[in-house]
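In the order they appear, the protein sequences are chains X and H. Going by UniProt numbering, 267 is the number at position 267 of the first sequence; the sequence numbering is gapless. Going by UniProt numbering, 189 is the number at position 189 of the second sequence; the sequence numbering is gapless.
What the hints contain is simulated information worked out from the structure, not anything from laboratory work. Possibly wrong hints are sitting among the right ones.
Which copy is meant is left open, so a pair is good if it fits within one copy or across any two.
List time: in silico EDC-like cross-link candidates among lysine to aspartate or glutamate, alpha-carbon distance up to 16 angstroms [as the list claims (entries may be wrong)]:
hint : residue 1 : residue 2
1    : K221      : D245
2    : K163      : D298
3    : K183      : E438
4    : K222      : D287
5    : K183      : E16
All values reported here derive from a predicted model rather than from experimental measurement.
So you can see what is in the structure, the chains are spelled out below.
Number of protein chains: 2
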Amino acid sequence: MKTQDHALLPAVILAELEAAVGRDGLLVERSQLQTYECDGLTAIRTLPSAVVLPRSTAQVQAVVQTCARHKIAFVARGAGTGLSGGALPAEGGIVISFARMTEILNVDLVNQRMTVQPGVINNHLTARVAPHGYFYAPDPSSQSVCTIGGNVAENAGGAHCLKYGFTTTHVLGLEVVLPTGEKVHLGAPTLDAPGYDLLGVFVGSEGTLGVATEITLRIVKKPETVQVLLAAFDSIACAGQTVSDIIAAAILPAAMEIMDRLSIQSAEAAVHPNYPVCEALLLIELDGPAAEVALQMDQVRQLCRDNGAWEDRLAHTERERMLVWKGRKAAFAAAGRLAPNYIVQDGVIPRTRLPEVLDRIAQMSQEVGLQVTNVFHAGDGNLHPIVLYDASIPGQEQIAVNLSLGILRVCVDLGGSITGEHGVGREKQESMGYMYAEPDLSTMHRVRHAFDPENISNPDKLFPRPRLCGEKTGPYTPHPLETAGIAEYF
Amino acid sequence: MKTQDHALLPAVILAELEAAVGRDGLLVERSQLQTYECDGLTAIRTLPSAVVLPRSTAQVQAVVQTCARHKIAFVARGAGTGLSGGALPAEGGIVISFARMTEILNVDLVNQRMTVQPGVINNHLTARVAPHGYFYAPDPSSQSVCTIGGNVAENAGGAHCLKYGFTTTHVLGLEVVLPTGEKVHLGAPTLDAPGYDLLGVFVGSEGTLGVATEITLRIVKKPETVQVLLAAFDSIACAGQTVSDIIAAAILPAAMEIMDRLSIQSAEAAVHPNYPVCEALLLIELDGPAAEVALQMDQVRQLCRDNGAWEDRLAHTERERMLVWKGRKAAFAAAGRLAPNYIVQDGVIPRTRLPEVLDRIAQMSQEVGLQVTNVFHAGDGNLHPIVLYDASIPGQEQIAVNLSLGILRVCVDLGGSITGEHGVGREKQESMGYMYAEPDLSTMHRVRHAFDPENISNPDKLFPRPRLCGEKTGPYTPHPLETAGIAEYF
């Protein structure tokens, strides 16, 4: 836990910001700013020098133009639920909060799209179009609070992205204020727009290329039928093999999730989803026309039994189905019942390497004497190992951080990646150097520079230090995690 | 038709190129170079100063390093089937032909991907994996000759992209030689790779960001059943309404194509697909599990009848189905039976604006006295109006070009785009200024500059002249189409 000293901006800049967003849109009191000193990565905190709460694109543009003129760093913030420190302010920088830009601007059912402001909460989208038979597909576990602006910045995923794709699949167009203060439109109303796909670059760029101020999203027709199956296995390897067999049978479930014994227990204690108690629980959701779902569910149940499932239970009502998902989505928070503290990690491996990576995690866990519980988006090969620890025991937090980053290293070594959906942010910036070669990173950096020549848009995130090229370096301040010895891992 | 004078490169550069690719890999004779003076956009021709035929990434890298050192423009070329002049050489520039890089390097069935060199022909991919039950989905009409490298450069589409997505959906990773001569890897073996999605920027960048030398592609499990329906309507509006109704019923066909009376007649004459003679033929292909296809096909037939289809005929054998597609894919070439010359245009509109755009096309067609026949990827709103003319009548070619570009302007005015799948290239570079605002284009240009600071990678394509920023301008040479009065349209 580290809190910087509070450095107010010069009066001339504050005056410009106030002119941009009005007196009630500018926060400068320490007590007000503290809300914004971290996001879901609570281990690192920096007090912003100010927070602005714009009400329109024009106000955002005025704020960013002020920042560009005075070379002040800014970071956009939605609900602050990110887990990698993406919304952490820069030292001396400001926060642009989207708490007042929460309008659904347009719903176009015929063309299956809606246009919203960045502060709209993820599941408000579905709430708005559900009466007409549509839904918004990406469903991060935090969907009841997280905002679309943050989802775009992080290319948010979720259990149903196996079938429906990540946020990037669902963003059709963006209005963006560039770090230079220019307003641009990325994407086009039609498919395969000519020119460069800058929409795809922006989605998942973690706030380093500018600020999205309007977001046009694809909405999807609700399937006729949705069914979820719970299958209980004696080992995660058997559950994992079932996942591979289902994909090989050309069945694409809406979701395939695995929870291990510890996760099952904690979810059960937290929200009572009535899961079977077993080593590995496989949740398989199928959706589509009723005839297809019925047919495929038969095949899926057979594949579960072939791989040793000793129970395969369908949720029979919508209420039962929602309870199954409530348990799964509560898995992270429920880890609080297993230990005073925990780190939710996020790595990706090729689906076929699942047993191998689990062996390695078990071995590493044993070596350092900390428990790790595992929840996976199994169809995607996206692991969420949860490292359990007790911060009140001196040194244990650091061991937990080291273990969680070590798991990522294993993922990369097995041909995977350091993040599936949580982003790099501040947390994993050093890991990028382990994942990418220097020319690959340098190319990304040049693109960043093309958008943000002054390096003011969420600086010091995403890329490893020392900086690579074209960017001002400034005095080097060691990373709080680095000083604690993380460098040995990456 | 315009052919530049042949300007040989200085001996020192030729020696470097020969050192890079060997004597038999370097073409400099005028008679050899003439093959490379244009692609499918035959109206513009430029003789390259040399052609190299590398056999490996290392050779490509050596060639590009030579180009970077001496500031020589280069363009990569596969089969030269592009329709927008994407593979047209720059004046004094060289062509990098991938005719000798045609290996399928790796097939990974478990992870449903394959890695290939850029010179591999599109349908060789499916031929290779079909025995194992897989296929490569994007299917441009030229798929029997066009190469994957060109497909990546243009983000190629095809009839089945309605369900399966464009090339960009299927590219998982690229090895790229940047215009600086550096070798980088874009994308990652796993989903949602951290950092910027530069893979998405590169796909469809039309050769302006470098040269792909290895391409990793997704392959798809062959569906259990494929069925194609031919429905005959008395008007294109009714066929178009059927398309909207099918999508609204949450049915996603593998393909939905409309052909008008002229296209039907010419296809019939060319390959005898036995189409019903009507004002508008709707081809609907469904694929998936047999039970699902049967169920959905019943719904589709009902929707066709509800909209006035007086015939709805299923292809009963695989041979019949292939014949249906042979007719559709022959539609462009068959236009040669309707007139001595024709221009295949490529625009996109929101699906719901189809009747409106067809009225406008009919009106414009009448005004200038040239026939236009229409073939659409109707599900995607992607039009291919074919403008028929006779180049031997003085002035008629220019009227045809003006009409074809005028149709694009209508597409943009209705909220659409100037290209669905053929690319911008040289043909439509001026149209980009009609489609995008200056800051949008300028942002793309800065990204281009980040990849290609010397502006040597397929220069003078994609962006309108005059150039926007950060790029050397050089003496202005008027566009062959511009001098002929196209500027009035864009």
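Verification of the supplied hints:
{"no.": "1", "hint": "K221 <-> D245", "in the structure": "between (28 angstroms within a copy, 13 angstroms between copies)"}
{"no.": "2", "hint": "K163 <-> D298", "in the structure": "neither (19 angstroms within a copy, 25 angstroms between copies)"}
{"no.": "3", "hint": "K183 <-> E438", "in the structure": "between (32 angstroms within a copy, 10 angstroms between copies)"}
{"no.": "4", "hint": "K222 <-> D287", "in the structure": "within (9 angstroms within a copy, 20 angstroms between copies)"}
{"no.": "5", "hint": "K183 <-> E16", "in the structure": "neither (19 angstroms within a copy, 45 angstroms between copies)"}
The structure fails hints 2, 5 (numbered hints given earlier, in ascending order).
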